[in-house]
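> So the chains spell out like this:
There are 4 protein chains.
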Amino acid sequence: MKKYSLDSAKVATSTRDWLKKRGVENEAIAALVLDMQTSYYPGLTIEECLENVDRVLSKREVQNAILTGIQLDMLAEQGKLEGPLQEMILNDEGLYGCDEILALSIVNVYGSIGLTNFGYLDKVKPGIIGKLNEKGGPMIHTFLDDIVGAIAASAASRIAHRKQEKAEALGAPQAGPEDGPGV
Amino acid sequence: MKKYSLDSAKVATSTRDWLKKRGVENEAIAALVLDMQTSYYPGLTIEECLENVDRVLSKREVQNAILTGIQLDMLAEQGKLEGPLQEMILNDEGLYGCDEILALSIVNVYGSIGLTNFGYLDKVKPGIIGKLNEKGGPMIHTFLDDIVGAIAASAASRIAHRKQEKAEALGAPQAGPEDGPGV
Amino acid sequence: MKKYSLDSAKVATSTRDWLKKRGVENEAIAALVLDMQTSYYPGLTIEECLENVDRVLSKREVQNAILTGIQLDMLAEQGKLEGPLQEMILNDEGLYGCDEILALSIVNVYGSIGLTNFGYLDKVKPGIIGKLNEKGGPMIHTFLDDIVGAIAASAASRIAHRKQEKAEALGAPQAGPEDGPGV
Amino acid sequence: MKKYSLDSAKVATSTRDWLKKRGVENEAIAALVLDMQTSYYPGLTIEECLENVDRVLSKREVQNAILTGIQLDMLAEQGKLEGPLQEMILNDEGLYGCDEILALSIVNVYGSIGLTNFGYLDKVKPGIIGKLNEKGGPMIHTFLDDIVGAIAASAASRIAHRKQEKAEALGAPQAGPEDGPGV
Numbered sequence: 311m312k313k314y315s316l317d318s319a320k321v322a323t324s325t326r327d328w329l330k331k332r333g334v335e336n337e338a339i340a341a342l343v344l345d346m347q348t349s350y351y352p353g354l355t356i357e358e359c360l361e362n363v364d365r366v367l368s369k370r371e372v373q374n375a376i377l378t379g380i381q382l383d384m385l386a387e388q389g390k391l392e393g394p395l396q397e398m399i400l401n402d403e404g405l406y407g408c409d410e411i412l413a414l415s416i417v418n419v420y421g422s423i424g425l426t427n428f429g430y431l432d433k434v435k436p437g438i439i440g441k442l443n444e445k446g447g448p449m450i451h452t453f454l455d456d457i458v459g460a461i462a463a464s465a466a467s468r469i470a471h472r473k474q475e476k477a478e479a480l481g482a483p484q485a486g487p488e489d490g491p492g493v
Numbered sequence: 311m312k313k314y315s316l317d318s319a320k321v322a323t324s325t326r327d328w329l330k331k332r333g334v335e336n337e338a339i340a341a342l343v344l345d346m347q348t349s350y351y352p353g354l355t356i357e358e359c360l361e362n363v364d365r366v367l368s369k370r371e372v373q374n375a376i377l378t379g380i381q382l383d384m385l386a387e388q389g390k391l392e393g394p395l396q397e398m399i400l401n402d403e404g405l406y407g408c409d410e411i412l413a414l415s416i417v418n419v420y421g422s423i424g425l426t427n428f429g430y431l432d433k434v435k436p437g438i439i440g441k442l443n444e445k446g447g448p449m450i451h452t453f454l455d456d457i458v459g460a461i462a463a464s465a466a467s468r469i470a471h472r473k474q475e476k477a478e479a480l481g482a483p484q485a486g487p488e489d490g491p492g493v
Numbered sequence: 311m312k313k314y315s316l317d318s319a320k321v322a323t324s325t326r327d328w329l330k331k332r333g334v335e336n337e338a339i340a341a342l343v344l345d346m347q348t349s350y351y352p353g354l355t356i357e358e359c360l361e362n363v364d365r366v367l368s369k370r371e372v373q374n375a376i377l378t379g380i381q382l383d384m385l386a387e388q389g390k391l392e393g394p395l396q397e398m399i400l401n402d403e404g405l406y407g408c409d410e411i412l413a414l415s416i417v418n419v420y421g422s423i424g425l426t427n428f429g430y431l432d433k434v435k436p437g438i439i440g441k442l443n444e445k446g447g448p449m450i451h452t453f454l455d456d457i458v459g460a461i462a463a464s465a466a467s468r469i470a471h472r473k474q475e476k477a478e479a480l481g482a483p484q485a486g487p488e489d490g491p492g493v
Numbered sequence: 311m312k313k314y315s316l317d318s319a320k321v322a323t324s325t326r327d328w329l330k331k332r333g334v335e336n337e338a339i340a341a342l343v344l345d346m347q348t349s350y351y352p353g354l355t356i357e358e359c360l361e362n363v364d365r366v367l368s369k370r371e372v373q374n375a376i377l378t379g380i381q382l383d384m385l386a387e388q389g390k391l392e393g394p395l396q397e398m399i400l401n402d403e404g405l406y407g408c409d410e411i412l413a414l415s416i417v418n419v420y421g422s423i424g425l426t427n428f429g430y431l432d433k434v435k436p437g438i439i440g441k442l443n444e445k446g447g448p449m450i451h452t453f454l455d456d457i458v459g460a461i462a463a464s465a466a467s468r469i470a471h472r473k474q475e476k477a478e479a480l481g482a483p484q485a486g487p488e489d490g491p492g493v
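First to last, the protein sequences are chains A, B, C and D.
Position one of the first sequence corresponds to residue 311 (my numbering), numbered consecutively onward.
Position one of the second sequence corresponds to residue 311 (my numbering), numbered consecutively onward.
Position one of the third sequence corresponds to residue 311 (my numbering), numbered consecutively onward.
Position one of the fourth sequence corresponds to residue 311 (my numbering), numbered consecutively onward.
No wet-lab data here; the hints were simulated from the structure.
Incorrect hints may appear among the rest.
Identical copies go unnamed one by one, so any copy, or any two together, can satisfy a pair.
With a straight-line cut-off of 25 Å between C-alpha atoms, the simulated SDA-like cross-links for lysine to any residue are [what the hints assert, rightly or not]: (1) Lys320 to Gly393; (2) Lys313 to Pro448; (3) Lys476 to Pro436; (4) Lys369 to Gly481; (5) Lys473 to Leu400; (6) Lys330 to Ser368; (7) Lys313 to Gly481; (8) Lys331 to Arg472; (9) Lys320 to Ile356; (10) Lys435 to Pro448; (11) Lys441 to Glu358; (12) Lys473 to Pro352; (13) Lys435 to Thr348; (14) Lys320 to Met384; (15) Lys445 to Tyr351.
Excised from the complex, chain A in its bound form:
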């Protein structure tokens, strides 16, 4: 038997492949980020958002949560989970919170300032999150809608940190807190 050894490149590639296969393009996540942050950073471009989404997706903790969540969604879809767990995930049971827990583990990597945006996206369900959350289709996205919100919230946090760094490097005073980055 071949000795196991972690292949990080494979984990990273699988994460990106699975997101696509489940109908989530990085561009759709970047659009959520741009929409949230554009009022705080008027010059923010979709390319910058895309670059930040990409960097979030390169973190191992993020990859682990994505692979685990999508796997559970797919198994529920195929009816392969057991007992009440199958029904809770299939039906996106409101009192089942492991989807929020995995999403939180993504947000935490970029610090607690992402919590607000995550909760907001999860409640309002704009763009791709709303699409994933539509019931009645063949696919189950109980975990994935929360995960996509967490990736977008994390990218927004990352942008807030970078913009601050850049402003300080330029010696330019940053905007005050009243008109802050909304994270």
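Following the hints, complete the assembly by docking chains B, C and D onto the known chain A.
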């Protein structure tokens, strides 16, 4: 020197006193809860919301977070914190996240289903949260606005759990997930 | 098609059945609790520990985490997970942390004071945790060993809270912090 | 009045100054890391550990938690906190968990794999943690001992991630999980 021993009644009483002194009546938190949950539970009353807020406030973890957060707000107000921490809390710095961290510790006691409502309240800032967040007055509420959102989100989670229990006890099928409790 | 509605009794029963089927008796968890707490509360009995384990297991958040973790262990065992996730869970990959994340969601319900005991149990792996963690058998317990540690740590937190309440009710001063409950 | 703007360099410098003033040298934290990880990575040097501690300390979330925790310790020491909070922090009350919460926010930045080492350090209290935890001296370190454990656990996580990257870059198979990095 008198040996220290924890006086839980005093901790509980102080928590309630401090909330009031800082301008937060339980009724104002209950109003947030009612507003969030009334569409899911049409018969929900303000008395029920108040009772649930009260139960959240009786948890020690919640009391610890409230006392710690309000204490930091008051010290910032009085200019008694040191160095950059004083300025970050005084100005509700967007990249300072310890306020969200303490709030999260409140939400966690009632499970991850409260995260969404917490994030939403923290973003939209309805009712008392918006009032606490107004800048320019003599009081600093960098921690307290997040804490109040966390208490309201926790009370909403508690209601969702109780309503489910009651529905099952009655043998009545609960509403499906599409029209679920929004937690 | 029958409309879905959550059956809480079924979720609770499944949780207890699955733990047993995976080789974890409540008594084995209670033994961990007794071992951790007996030096702080000399009169503590195994029956009290068992009662507290039982109460932890009655919480829905705890049940959700247990069912989800055991399900992933069983699917890994049967080779039914896909791509690198299958290998990471099968081999208890050190850089895969979703097992710790689910366990943390259990601990959080009883407040952060359980974190220390959870981490300690996860490192030292006494009793049933060590048994679950043995490699080479037919069963995979990548999630379950962390989950059992989290249940034991939560029961220990619950005991610390109850003992304090009881001491205060009796008017007896509690032990000071130097010889505190180790949570 | 001068408009507030965040000065990140000042936050970073203050963090390092405060740690030193409170008796914590980076070398003492690095020694904890080396002691935990040396059996997994036999060639690990104190310089590498020090470099990883340094990188952990450069994260803003970590700086926020350190400044907030040390500030609360100092205020408790000076008797400047109010009511029962003063007594709980002064006496390192076992049922007060905000110290663990701030520490957890540090660990989370490096993913959940650090939880185990954090809990272990917090229980066993080796080296500088034990020294901080000694009662009877003029200084109060209710928050700082947890924070130091969290920094060490985070540095250990960071090392585990880096060692894996390096091993994969070299094409050398990593050690299997049985003899894994203990994170």
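> If the cutoff is 25 Å on CA atoms, where do Lys445 and Tyr351 land: within, between, both or neither? Let me know, please.
between (35 Å within a copy, 21 Å between copies)
> I want to check one pair: Lys320 and Met384. Are their C-alpha atoms no more than 25 Å apart within a copy, between two copies, both, or neither?
Both: 20 Å inside a chain and 23 Å across chains, each within 25 Å.
> What label fits Lys331 with Arg472 when the C-alpha limit is 25 Å: within, between, both, or neither?
neither (31 Å within a copy, 30 Å between copies)
> Classify it for me, Lys320 with Gly393: is the Cα-Cα distance of at most 25 Å met within a copy, between copies, both or neither?
between (32 Å within a copy, 8 Å between copies)
> How do Lys435 and Thr348 come out at 25 Å by Cα distance, when the copy is not named: within, between, both, or neither?
both (18 Å within a copy, 20 Å between copies)
> State whether the alpha carbon distance between Lys473 and Leu400 is at most 25 Å within one copy, between copies, both, or neither.
Cα proximity of Lys473 and Leu400: across copies only (21 Å, versus 40 Å in one copy).
> Tell me, please, which holds for Lys320 and Ile356 at an alpha-carbon limit of 25 Å: within, between, both or neither?
neither (27 Å within a copy, 32 Å between copies)
> If the cutoff is 25 Å on CA atoms, where do Lys476 and Pro436 land: within, between, both or neither? Let me know, please.
Neither: 29 Å inside a copy, 33 Å across copies.
> Have a look at Lys435 and Pro448 and pick one of within, between, both or neither, based on CA distance no larger than 25 Å.
The answer is within: 20 Å in one copy meets 25 Å, while 37 Å across copies does not.
> Is the C-alpha distance from Lys330 to Ser368 at most 25 Å within one copy, between copies, in both cases, or in neither?
Result: close within a single copy only, 15 Å intra versus 34 Å inter.
> Given a CA cutoff of 25 Å, do Lys313 and Pro448 count as a within-copy pair, a between-copy pair, both, or neither?
between (38 Å within a copy, 17 Å between copies)
> At 25 Å max between alpha carbons, let me know whether Lys313 reaches Gly481 within a copy, between copies, both or neither.
Result: close only across copies, 14 Å inter versus 53 Å intra.
Of the numbered hints given earlier, the model fails hints 3, 8 and 9; all others are met.
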